[in-house]
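Undergrad: Sequence:
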Amino acid sequence: MFTGIVEELGTITAVEHSAHMARLTVHGPLVTSDAKHGDSIAVNGVCLTVVEVAEGSFTVDVVHETLQRSSLAKAEAGQAVNLERAVAAGQRLGGHIMQGHVDGTGTLLSRDGTGLTRFAMPPNLARYVVEKGSIAVDGVSLTVVDAGTDEFSIALIPTTLELTTLGRREPGDVVNLEVDVVAKYVERLATPHLAK
1 MFTGIVEELG TITAVEHSAH MARLTVHGPL VTSDAKHGDS IAVNGVCLTV
51 VEVAEGSFTV DVVHETLQRS SLAKAEAGQA VNLERAVAAG QRLGGHIMQG
101 HVDGTGTLLS RDGTGLTRFA MPPNLARYVV EKGSIAVDGV SLTVVDAGTD
151 EFSIALIPTT LELTTLGRRE PGDVVNLEVD VVAKYVERLA TPHLAK
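Residue numbering for the sequence shown follows full-length UniProt numbering, beginning at 1 and increasing consecutively.
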């Protein structure tokens, strides 16, 4: 589980593609300070399992499903990424409950001088995005300003723009989206009863 409070901006140092998967090596001295094989680290909001740790970097395997659903399909060496270790029991939940299971990708549409930023999203995710609700964009826990049928907006504070990849994003850039897991469970539990 994650909270969407980015701990560190890391850098992808190597990408190796093979049949239906990729192996990424990411430099992140803070998140690797206590990391070991089998730990979970979110990379741009995608929960990945550490397979190797060495000299301030970690290596992860990215399977076909993850490549299909996330922006990691286009990962390249030199790219900055948001990093967060899995939350430890008893820690503060500064953002919101996240699984690191990306629901799909969106596209940055615009950002104005006040930090108000608009993203396009797949219409099938719109039902889970509500005004003043939570959403994760590239692993950053954010509050929705307004939500439509195929786009939403958020207000980015200067700290978020400075300390995450969102400050480097330009219109047209693809981002990872994870909607609120609670909304998905409520829908699943309520659907059989609503049909009656």
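Rather than coming from a laboratory, the hints here were simulated on the basis of the structure. Heads up, some of the hints might be wrong.
SDA-like mimics (lysine to any residue), calculated; alpha carbons at most 25 Å apart, straight line [what the hints assert, rightly or not]:
1) K74 with L161
2) K74 with R23
3) K184 with P171
4) K74 with R92
5) K74 with Q91
6) K132 with L108
7) K184 with L161
8) K74 with D34
9) K74 with D173
10) K74 with G90
11) K74 with K132
12) K74 with L194
13) K132 with I154
14) K184 with G104
15) K184 with T114
16) K132 with R169
17) K184 with I154
18) K132 with L67
19) K184 with G167
20) K132 with D150
21) K74 with T114
22) K36 with M1
23) K36 with L108
Undergrad: Indicate, hint by hint, whether the structure satisfies it.
TA: Structure-based check of all given hints:
no.	hint	verdict
1	K74 with L161	22 Å, holds
2	K74 with R23	12 Å, holds
3	K184 with P171	28 Å, violated
4	K74 with R92	33 Å, violated
5	K74 with Q91	33 Å, violated
6	K132 with L108	19 Å, holds
7	K184 with L161	29 Å, violated
8	K74 with D34	28 Å, violated
9	K74 with D173	11 Å, holds
10	K74 with G90	35 Å, violated
11	K74 with K132	31 Å, violated
12	K74 with L194	40 Å, violated
13	K132 with I154	9 Å, holds
14	K184 with G104	14 Å, holds
15	K184 with T114	31 Å, violated
16	K132 with R169	23 Å, holds
17	K184 with I154	21 Å, holds
18	K132 with L67	30 Å, violated
19	K184 with G167	29 Å, violated
20	K132 with D150	17 Å, holds
21	K74 with T114	30 Å, violated
22	K36 with M1	17 Å, holds
23	K36 with L108	34 Å, violated
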